[in-house]
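Chains as they are written, first to last, in my numbering: chain A, 111 to 497; chain B, 5 to 106.
FYI, nobody ran anything at the bench for these hints, they're computed from the structure.
This one's a predicted model, so the numbers in the text were calculated from it and none came from an experiment.
Don't be surprised by glycine CBs; every beta carbon is placed ideally from N, CA and C.
A portion of the hints provided could be inaccurate.
Said to hold, decoys possible - A short list of chain A residues far from chain B (calculated; beta carbon distances all over 12 Å):
id, residue
1, His171
2, Lys311
3, Thr329
Stated by the list, open to error - Taking lysine-lysine and the DSSO-like style, the derived pairs with C-alpha atoms no more than 30 Å apart in a straight line are:
id, chain 1, residue 1, chain 2, residue 2
4, A, Lys227, B, Lys84
5, A, Lys424, A, Lys298
6, A, Lys491, A, Lys334
7, A, Lys491, A, Lys424
8, B, Lys10, A, Lys408
9, B, Lys58, A, Lys408
10, B, Lys84, B, Lys58
11, A, Lys408, A, Lys491
12, A, Lys491, A, Lys136
13, B, Lys58, B, Lys20
14, A, Lys227, B, Lys10
15, A, Lys136, A, Lys424
Claimed, not checked - Residues from chain A shown here face chain B by an in silico Cβ test under 8 Å; the list is partial:
id, residue
16, Ala174
17, Asp178
18, Ala233
19, Gly237
20, Glu242
21, Ala246
22, Glu260
23, Gly266
24, Ala270
25, Ala307
26, Ser354
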Amino acid sequence: MNIFVHGAATTVFGELWDTSPRTLAKRVTRAALDDAGMESSGVEALFVGNMLSGILGNQEHLGAFFADELGLSVAAFKVEGACASGGLAMHNAVAALASGMYTTVVVLGVEKMTDHKPEDVAAALMGAGTDEERVAGATFPGLYAMIAREHMRLHGTTRAQLSAVAVKNHYHASLNPNAQFRKPITAKDVDRSPCIADPLKLLDCSPISDGAAAVVLSTDKPKKGKESVAIVASAVATDTLALSDREDLVGLRATQQAARRAFTQANISPDDVHVAEVHDCFSIAEIVALEDLGLYAKGEAAAAVERGDVTLGKAQHLVVNPSGGLKGCGHPVGATGVKQIVELAEQLRGTAGERQVSGAQIGLAHNVGGSGATAVIHILKRVTSSK
Amino acid sequence: MSSPVKIWRNQSHISKLLGRDGKLVTWTVVYVPPAGHEQSAPYAVGIVEVSGGKRVTVQIVDCDPNTLRPGLHVRLVLRKSVSAARDEVIPYGIKAVPHNPQ
Numbered sequence: 111m112n113i114f115v116h117g118a119a120t121t122v123f124g125e126l127w128d129t130s131p132r133t134l135a136k137r138v139t140r141a142a143l144d145d146a147g148m149e150s151s152g153v154e155a156l157f158v159g160n161m162l163s164g165i166l167g168n169q170e171h172l173g174a175f176f177a178d179e180l181g182l183s184v185a186a187f188k189v190e191g192a193c194a195s196g197g198l199a200m201h202n203a204v205a206a207l208a209s210g211m212y213t214t215v216v217v218l219g220v221e222k223m224t225d226h227k228p229e230d231v232a233a234a235l236m237g238a239g240t241d242e243e244r245v246a247g248a249t250f251p252g253l254y255a256m257i258a259r260e261h262m263r264l265h266g267t268t269r270a271q272l273s274a275v276a277v278k279n280h281y282h283a284s285l286n287p288n289a290q291f292r293k294p295i296t297a298k299d300v301d302r303s304p305c306i307a308d309p310l311k312l313l314d315c316s317p318i319s320d321g322a323a324a325v326v327l328s329t330d331k332p333k334k335g336k337e338s339v340a341i342v343a344s345a346v347a348t349d350t351l352a353l354s355d356r357e358d359l360v361g362l363r364a365t366q367q368a369a370r371r372a373f374t375q376a377n378i379s380p381d382d383v384h385v386a387e388v389h390d391c392f393s394i395a396e397i398v399a400l401e402d403l404g405l406y407a408k409g410e411a412a413a414a415v416e417r418g419d420v421t422l423g424k425a426q427h428l429v430v431n432p433s434g435g436l437k438g439c440g441h442p443v444g445a446t447g448v449k450q451i452v453e454l455a456e457q458l459r460g461t462a463g464e465r466q467v468s469g470a471q472i473g474l475a476h477n478v479g480g481s482g483a484t485a486v487i488h489i490l491k492r493v494t495s496s497k
Numbered sequence: 005m006s007s008p009v010k011i012w013r014n015q016s017h018i019s020k021l022l023g024r025d026g027k028l029v030t031w032t033v034v035y036v037p038p039a040g041h042e043q044s045a046p047y048a049v050g051i052v053e054v055s056g057g058k059r060v061t062v063q064i065v066d067c068d069p070n071t072l073r074p075g076l077h078v079r080l081v082l083r084k085s086v087s088a089a090r091d092e093v094i095p096y097g098i099k100a101v102p103h104n105p106q
């Protein structure tokens, strides 16, 4: 796979009441094109990752909608895969480039969630689940709470270890100027926060966010002398839509399968990864992800996070969610999967500033849809153009 | 809310489960509900394994959520599922109640 990230940008994530999706998209795409040093005339196709524009904003036809806004008349697509919409848009873009049909494309992830009441957002997000789950009044925090309870029972994962994930990711977010939450928190803060779906507290949960992220991908080689980043794996796997239909409730089979495919494509092992952006929609989700990705054995990730093994400044080998993850940086659902790629691009180029993972050469992005029915994994590698 | 036709179509699914016994696998108590469930919150939602091995996601009612535990015996019963407006069909669905097996 000869596909390079030429440009990458993200807006600030948060409650952006004064900014419309159009403005978010325009700003972030312009910034990504500037980063790539190119004009929009060089873009041959647009892939938009978004989940909720239809159900919350009454706007579909998003490919044409944003192409129009960006002044492009190119092929344009909306790609939807619940909270993995951004990662899935990336995968579609990579497939389109690999086919040889296009040379340079833009992937735009965008979501506007804070215009709406929390109950309406919670109900809209449950569009990613099943009728049975909706009738039962299950929510995404509720589904992950059931995974957490089972993980605690089977692997002895503790309440304090769940809190450690949130504390770490808020610390990382405090170093990220584009993060929604730039305030570090303590385990006590997590304990004292209101219960959302027992045993998950408010501070175990990623927030409702607005935001956009964009990358320019190309099969053209990066300019001479410029640090660049190559995509060396792009893998997707799916599983049952309903959590209850899965034999294993403490692991996501879609993640496990996508990981195997991705590591085979990249011809590396989990030990080779220096920096990972994983889908921590809830604290338990990061623990489960680290195990499913093979970065830790089953039942060992929670203690590792608690020890600080994957925290910036303490980690010896691997840093997880240096952007702050979904928890600290925010989770505008369609934008998240693209933001993960932007974060890895900055880390691998060595331009991540205060939150730079020193010597990062290989990065992994892991994006999940629903309670684990879709998993998307990308592996990125720093390339030094020697010419 | 769901169309009356969809509610009607769903009855065949409900009838297969109604009255079946099962065991609780895992559960949560939802404090922040989605639209349509505001009046019931907080409520317990769990995954129940019914005899034969099929698992379903259902609310667990008629009990103190603090007494829930893995393996708890439950029976699936018919209950009103979500709030409906006055001119809408009232949707019924399956919920679980604790049940002592004979």
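Evaluation of the provided hints:
1. His171: Correct as stated: the minimum Cβ-Cβ distance to chain B is 24 Å, above 12 Å.
2. Lys311: With a cut-off of 12 Å, Lys311/A comes too close to chain B, as the shortest Cβ separation is near 10 Å.
3. Thr329: For Thr329/A, whose nearest Cβ neighbour in chain B is about 43 Å away, the distance exceeds 12 Å, so it holds.
4. Lys227/A <-> Lys84/B: Holds. Lys227/A to Lys84/B sits at ~24 Å (cutoff 30 Å).
5. Lys424/A <-> Lys298/A: holds (21 Å)
6. Lys491/A <-> Lys334/A: holds (17 Å)
7. Lys491/A <-> Lys424/A: Cα-Cα ~23 Å, so holds.
8. Lys10/B <-> Lys408/A: Violated, at about 41 Å.
9. Lys58/B <-> Lys408/A: holds (25 Å)
10. Lys84/B <-> Lys58/B: The hint holds at about 22 Å.
11. Lys408/A <-> Lys491/A: holds (26 Å)
12. Lys491/A <-> Lys136/A: Distance of about 28 Å is within 30 Å: holds.
13. Lys58/B <-> Lys20/B: Holds: Lys58/B and Lys20/B sit about 11 Å apart, inside 30 Å.
14. Lys227/A <-> Lys10/B: The hint holds at about 26 Å.
15. Lys136/A <-> Lys424/A: This hinted pair is violated, its Cα atoms lying about 38 Å apart.
16. Ala174: violated (29 Å)
17. Asp178: violated (32 Å)
18. Ala233: Holds, because the Cβ-Cβ distance from Ala233/A to chain B comes to roughly 4 Å (cut-off 8 Å).
19. Gly237: Not OK, violated: Gly237/A not within 8 Å of chain B, min 10 Å.
20. Glu242: holds (5 Å)
21. Ala246: holds (5 Å)
22. Glu260: Nearest chain B Cβ about 5 Å off; hint holds.
23. Gly266: violated (14 Å)
24. Ala270: Violated, because the Cβ-Cβ distance from Ala270/A to chain B comes to roughly 19 Å (cut-off 8 Å).
25. Ala307: holds (5 Å)
26. Ser354: holds (4 Å)
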